[in-house]
Every structure is written in C-alpha cells, then in structure tokens.
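Number of protein chains: 2
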Amino acid sequence: MRNILLNLAYDGTNYSGWQIQPNGVTIEEKLMEAFRRMDGSKVKIIGSGRTDARVHARGQRANVHLNSSVPTERLPFALNAKLPPDIVVTGAREVPLDFHARYDALGKTYRYRLYTGPFPDPIGRNYQYHVKEKLEMEGLREALEILKGTHDFRGFMASGSSVKTTTRTIEHVEIRWRDGGTIDVYISANGFLYNMVRIIIGSMVDVAKGKITRAQLEEALKNQKRALAGHTAPPQGLFLEEVRYKL
Amino acid sequence: MRNILLNLAYDGTNYSGWQIQPNGVTIEEKLMEAFRRMDGSKVKIIGSGRTDARVHARGQRANVHLNSSVPTERLPFALNAKLPPDIVVTGAREVPLDFHARYDALGKTYRYRLYTGPFPDPIGRNYQYHVKEKLEMEGLREALEILKGTHDFRGFMASGSSVKTTTRTIEHVEIRWRDGGTIDVYISANGFLYNMVRIIIGSMVDVAKGKITRAQLEEALKNQKRALAGHTAPPQGLFLEEVRYKL
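Here the protein sequences come in this chain order: A and B. Once you know that position 58 of the first sequence is 58 in full-length UniProt numbering, the rest is easy, because the numbers rise by one and skip nothing. Once you know that position 15 of the second sequence is 15 in full-length UniProt numbering, the rest is easy, because the numbers rise by one and skip nothing.
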C-alpha cells in the first residue's frame, strides 16, 4: 500500500466541477474511473479542495492510497492513457501514509484572467472574464492592496457556506498585464473561503470601473457583509495554479 | 449598396474551416446566416482566404456588398447578436465598391503556437501543438532564417494544390518564448501556399529535434520536393493574425 500524491491539470469547461455528485460529470469521478480502468484499482481520492464547474487547474493536488503494481513514476502515463484529453496527470510521488492532500495544505495560489476590450475574444471565451469597460489600473491595484494580509473574509464568501473560521491570510498578490487587453491576477493565501477569489475579483473590477469606492471595499472587509463587496466574477477565468505542502 | 470590410475572430475548433462546403459546418456559412437573421440580408462573402478545420483567427477579413439600413458602426453588434460565441465580428468599415478582400490582400501574418513539455496541457489542447521533446532554440531560429526571403516554396505546399506561381516572400519572422514551455512563431509573407505555415513549422520542429539537418532543409527549398521538407504541423496551433491592405 502506497500513498500517492498526484499533480493534476484540467480544463474545467465540460465538467460540473471537481467533486463527485449525483448529477453531472466531475473530474474526481473521471480520475477514479481511470484508476479502475488502469488495473482495476478502487481508490478513494482526497483532493486538496473542490473547484467549481468551469474552473480550471494546472496545479490541483490529490492523494490516493493505492494497491497496484504500477511503479509511481509510470502512474501519470498509465492514468493519462485512460483519461479524457481535458484531464491530465502531470506528476505522481510517494508520500507518507498519513499525508492528506486537504488537511496538510499550507496554502494555494489561484490565477484569475480578465480580458478587456469592446468585443469578446472567441478563442479565450472559456478561459477568461470579458469586461467591456476599460479598467483603471490603479483601481485594480489599490483594491488588491486593501485585501492583502490577515482579515476576516466573511464578507467575501458565498452566503450559506459553513466553516469554523473565516479568517484567512492573503500572503501574496500580483497583477500581470499581458498583450492585447489580458490581465492575470495571482492571489496566494493560506486558505480560501468558498467563492473568495471570484468575489475578490468581482470587487476589484467594480472598484476599477468606479462602481464601488475604495472606502466601500474597506467597509465590506470591516463589517463582513457580503452585500457590501462586489459581484462574483464568473468561474471560467479561475485557475488553481498551485497547492503548497511542507513535503 | 455599401461594400463592407469585416474583421473577424473565431475559434476554429468546432468548424470544418472557413469555406462553405456540403458536409460540415463552416464559419462562412455561420456569417452568411447571421446577415440573414439580422435583417434578411442575402450576401456573398468574400474572405481574404480560407482557413482549415480547427485553425483559428483573430484577424480574418472578408468583404460583403450589403443592402441594409444597419449603420456600418453598428454592424459588429448586430451580427454578433446572431453569431455563436465562437465567432465574433470585431470591426466593420466601408470600403470602395471594387475592393476585394482576397485580390487586394498585400500580405498576411500567421502565428503558430508550440507547447513543449512531458505532458500535454489540457487547457491549451485546442490552441497549440504539443511537442514532448525539448526543442533546441537555435534549431528553430536557424530553420526560420533559411526560409526567410523570396523563394519558390513548392516544396512547402500540400501536394495536389494548383496555383499560378509558387514563389512567395517571407517578409518577417519572429519567435517569442512565453512562460512555461510555450513558443509563438510569427510569420509574415506577401502570400502563403496551401499548408505552407504548417509545413514550415513541422520542418522547424524536425530541425530543432535533430530529425532533419539544416542542409536537408536548404535542399528542400532548392529542389522544391515536398518529401524533403518536414512534417505538416497540426491545424490547432495556427492563428490568422492579420491581413494587410493598402486601404
């Protein structure tokens, strides 16, 4: 019995998200199926966390306790042969038996891609959030600066979520302006609440458009009211880039 | 009656190419349909040239002789409302009645995207050519240098094509290394033969892999034998970026 930590990349466009559910095809389900089709292995998959429908990943992590004769370094190839082309195992390593991909995660990095221009870009339509208006650069930067650091992010969480604590630390942020109206926002934190990145991005866009003021954003953070923060940006711009572990 | 020059962007993944054909859905057909659905306009569409199935465009051009009350500057919005999300009209301007999008084209720029890495990238799978092997940068550069300038490119044309002359001038080339194994090759010429860009890219990859030598590539150019050049790179990495006119 080995405990294997996998690195996964996927295009979330055609999936109902990571986690297995009764209606809709999910990435976890396709991965479980790939193990079974590989050599009959029945595994329980422990992901670092869920991703929503249409959200993508290049650095999702998951561990599985595996009874199989396939050597660890061959696992990506053996699994990819059984996976659809929009899900790829890009790495596998053996970890201690008590390692847990969710509990042991120290932090994550998400990227969110914005595209600004008068017309949508058909080529990137499933991988970015099209904003017609010009976004004021300073607005985007200042909104991110306000949110950096340790705060109670209850106001930046989808209502109805239940977690023990809503305090999180945003450790690192970065905005990269790409060619032709594309903007990538990187956010690293020790953990994220449900929809936290998408509400942060929606708020940044609202500030950059001048729809909400910096003072209102600070208020949303202080008063922890979801209604004071910005809108929830759509899922297709979101990419899980990295999950960090002590390993 | 106005002659309108359109700028078009499209994701070619789900189309059998630009040109109307009996089997398979094409971009030209969808555009024609959009004019009809807009206000009953029946138009003949003159594209700058065809693109193959799965090939993309951000700068395709086409002109139409139009009898319609929709103002020119409103046309993109009116047409986009009737087009599927993977085809977008990004510009429209009135041009002289005798303007012809194909005959009047002075040159075009294509981009071809390569992705190198041990595993395919599921997110870019429809927009790049995955090459597992490391590509020697110097090989890519030198192959392009050999092909630059005015040559008879008969050896770099899909067999079976018929054109008056097979001499073309490659005016400008550029290779841009992007983050994480992505390479964009830009090629501008006064015209392209059928499959010319894809055979050039396949040849560059073969040279960079060490599969064919620079001497063999020079031989292919001089002797004009398709068999001496490299393989035809797949369509999904190809993007029509620009068509140039005197206008």
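Don't take each hint at face value.
Since the list gives no way to pick one copy over another, a pair counts as held whenever it fits inside one copy or between any two copies.
[As the list claims (entries may be wrong)] Result set (DMTMM-like, lysine to aspartate or glutamate): computed pairs, CA atoms no more than 20 Å apart in a straight line:
1) Lys132 - Asp86
2) Lys211 - Glu241
3) Lys82 - Asp121
4) Lys164 - Glu136
5) Lys225 - Glu33
6) Lys134 - Asp184
Read the hints as simulated data drawn from the structure, not as lab findings.
Hints, verified against the model:
1. Lys132 - Asp86: between (29 Å within a copy, 17 Å between copies)
2. Lys211 - Glu241: neither (29 Å within a copy, 35 Å between copies)
3. Lys82 - Asp121: between (32 Å within a copy, 16 Å between copies)
4. Lys164 - Glu136: neither (36 Å within a copy, 52 Å between copies)
5. Lys225 - Glu33: This pair counts as neither: shortest intra-copy Cα distance 41 Å, inter-copy 48 Å.
6. Lys134 - Asp184: Answer is within: at 15 Å inside a copy they meet the 20 Å cutoff, but 27 Å across does not.
In this structure, the earlier hints numbered 2, 4 and 5 are contradicted, and the remaining ones agree with it.
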